[in-house]
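Student: Residue strings, one per chain:
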Amino acid sequence: MNRGDPNIDELLNSFIDGELTQTQQMEVRRLIADDDQIARRLRDLQKCKMLVACLPHAQAPAGTLEQIKASLQDRTLSLQTLSFQERRKTRQFSGRRVLAAAAMIALVAVSAAVIYSIFASQRTADRPTPGTAAATGFSGKLELTTSDLTAVDAFISRVIKDNELSDRVHSVSLADRRVYSFSGGRGALNLLLTDLATIWERFGSASLMVETPKFGEQIVVDAVTAAQVAQIVKQEHREESIRLAKDFAVLNNMAELLPGREILAATGEKKPSLITIPKPVLTGDGKTVKNPAPAGADTKEVELTIVVRVPKVLSD
Amino acid sequence: MQPEPANIKGFPPNGVPIDDATLVEQWRWGDSAAMERLILKYQNRIYNVILKICANPDDAAELTQDTFVKIIQGIDKFAGKSSFYTWAFRIAVNLTLNYCQRNSRIVLQSLDAEDYDSHPSTGAGQACPERSRRVLKEFLSDNKSPDPAMEAQNKELYDILVKSLMRLDDAQRTVIVLRDIEGMNYAQIAKVLDIELGTVRSRLSRGRSRLREILEVISG
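Protein sequences appear in the order of chains A and B.
To convert, note that position 289 of the first sequence is 289 in this note's numbering; the numbers rise steadily by one, no gaps.
To convert, note that position 107 of the second sequence is 107 in this note's numbering; the numbers rise steadily by one, no gaps.
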């Protein structure tokens with residue numbers, strides 16, 4: 001088969017797919033009639049399309065709907081979503097609260113302005129306006145692979161127990177994986193990551209997926225370290241987390257491609273790193289340190305799903 | 001585009017199909033049955049597209065599940081500027097391409113382990129049995145054209161086709177799957193992938209040419 005002219009190929013493919021105007025179709029028909037090579041090329045492309053189109057259609061596994069429901073429950077989201085009316089009521093109620101809050105703020109502002117005007121002459125310097133440090137949530141997924149799933153699961157379960165994180169971590173056991181859904185504050189997650197860092201070497205791969213505001217899009221940081229996860233999560237704003245995740249994704253990919261990596265691996269040394277990132281404190285010997293999670297101010301600002309699975313082996 | 005199936009849950013008993021916009025609207029008004037109808041309506045098509053792009057049934061099942069979870073979680077963000085159909089496939093394809101990016105090395109290693117040219121004879125366990133090669137060669141040549149619909153049911157030929165598709169780069173494979181398997185038109189593909197119409201044309205054209213070359217090499 002000869003390689004076709006890319007422009008002619010595009011035209012012929014559009015003809016096959018019915019994406020040409022009447023005039024263009026007539027032009028293609030004329031070309032086919034006048035040129036045997038083009039006619040042959042058209043047949044080749046048609047056959048190629050035909051073969052792919054004839055592939056049998058696969059059916060989704062039975063019980064997909066039930067699994068979706070179960071998955072939603074795991075993510076602490078009920079399938080029975082609030083009805084529109086209920087949500088509207090909630091919004092109206094929230095709206096009233098916002099209005100009340102706005103009125104209060106306006107009242108305080110007016111009072112402050114009056115007081116300020118009275119005492120302004122006594123002040124010698126302007127004070128800076130305090131910044132608003134609104135904590136915004138982090139949402140992501142950490143995928144770890146290990147050939148020793150049972151031991152890792154036992155270790156993580158102990159970490160959760162020792163750090164009193166049971167109310168923040170919901171775990172699910174499947175045949176080839178364990179899923180730990182963490183929902184809590186950054187401090188609590190740090191405790192988990194610090195202990196996890198002590199066994200990080202036992203993971204075959206580690207990838208962090210960070211949700212972006214664009215729906216369905218994620219930043220994927222491959223070969224991520226526990227320290228990098230901690231740094232990404234600890235960012236105060238979601239945008240900063242995303243930016244840092246993008247940087248780490250690029251850096252880690254570059255580190256993977258650095259020359260001499262295989263030699264370093266063979267000599268048992270660490271893989272080359274382009275930057276030095278401070279590691280979390282290690283507890284050593286795989287033992288965990290009992291360190292109760294901070295209470296009170298520990299809000300649910302982080303949602304991280306940790307999936308530990310056995311490595312996939314693609315079968316034929 | 002493929003005709004809508006006539007007997008799935010997602011259609012009322014009187015047989016009149018409810019369009020997606022109506023189902024989305026009912027879902028937003030709290031009708032969870034409408035949501036289930038949409039899932040049942042699209043689960044097979046989305047699974048099939050994901051499977052043809054990623055070639056791993058287990059992962060395709062998981063990605064299908066993730067797709068619908070994202071759809072459910074994001075239905076309030078769905079503004080209706082595009083159709084539900086293209087929006088849903090956009091989520092599915094984005095998730096699948098992220099998956100492909102993460103697993104590209106594994107897939108390529110797996111494919112490289114199967115050296116088609118080193119198995120010229122027939123026999124069990126061969127990566128490309130002689131009969132399938134012959135059928136493929138006959139089909140590709142002008143001399144004889146077996147019925148492609150019948151031959152594609154042949155498991156060995158099916159495997160060859162799927163593996164040939166996997167040898168294309170992700171972008172080309174996705175466009176071919178959306179066009180030739182899902183039956184989208186160029187404008188729908190452009191919306192799903194958020195690319196220009198011209199890019200769809202060129203990717204599809206290059207993809208088909210490359211696929212043809214791969215199939216010819218395999219068929220000998």
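The reader is advised that the hints may include incorrect statements.
To be verified - Distance condition first, Cα-Cα at most 20 Å in a straight line; then the derived SDA-like pairs of lysine to any residue:
(1) 70/B - 19/A
(2) 246/A - 81/B
(3) 214/A - 70/B
(4) 141/A - 58/B
(5) 69/A - 82/B
(6) 77/B - 19/A
(7) 214/A - 82/B
(8) 191/B - 19/A
(9) 214/A - 31/B
(10) 69/A - 31/B
(11) 214/A - 86/B
(12) 70/B - 72/A
(13) 77/B - 67/A
(14) 70/B - 47/A
(15) 47/A - 159/B
(16) 141/A - 70/B
(17) 81/B - 141/A
The set of hints was computed from the structure by calculation and includes no laboratory data.
Student: State for each hint whether it applies.
Tutor: Taking the hints in turn, this is what the structure says about them:
no., hint, in the structure
1, 70/B - 19/A, "32 Å, violated"
2, 246/A - 81/B, "29 Å, violated"
3, 214/A - 70/B, "12 Å, holds"
4, 141/A - 58/B, "19 Å, holds"
5, 69/A - 82/B, "26 Å, violated"
6, 77/B - 19/A, "32 Å, violated"
7, 214/A - 82/B, "15 Å, holds"
8, 191/B - 19/A, "16 Å, holds"
9, 214/A - 31/B, "26 Å, violated"
10, 69/A - 31/B, "15 Å, holds"
11, 214/A - 86/B, "16 Å, holds"
12, 70/B - 72/A, "10 Å, holds"
13, 77/B - 67/A, "23 Å, violated"
14, 70/B - 47/A, "37 Å, violated"
15, 47/A - 159/B, "17 Å, holds"
16, 141/A - 70/B, "14 Å, holds"
17, 81/B - 141/A, "29 Å, violated"
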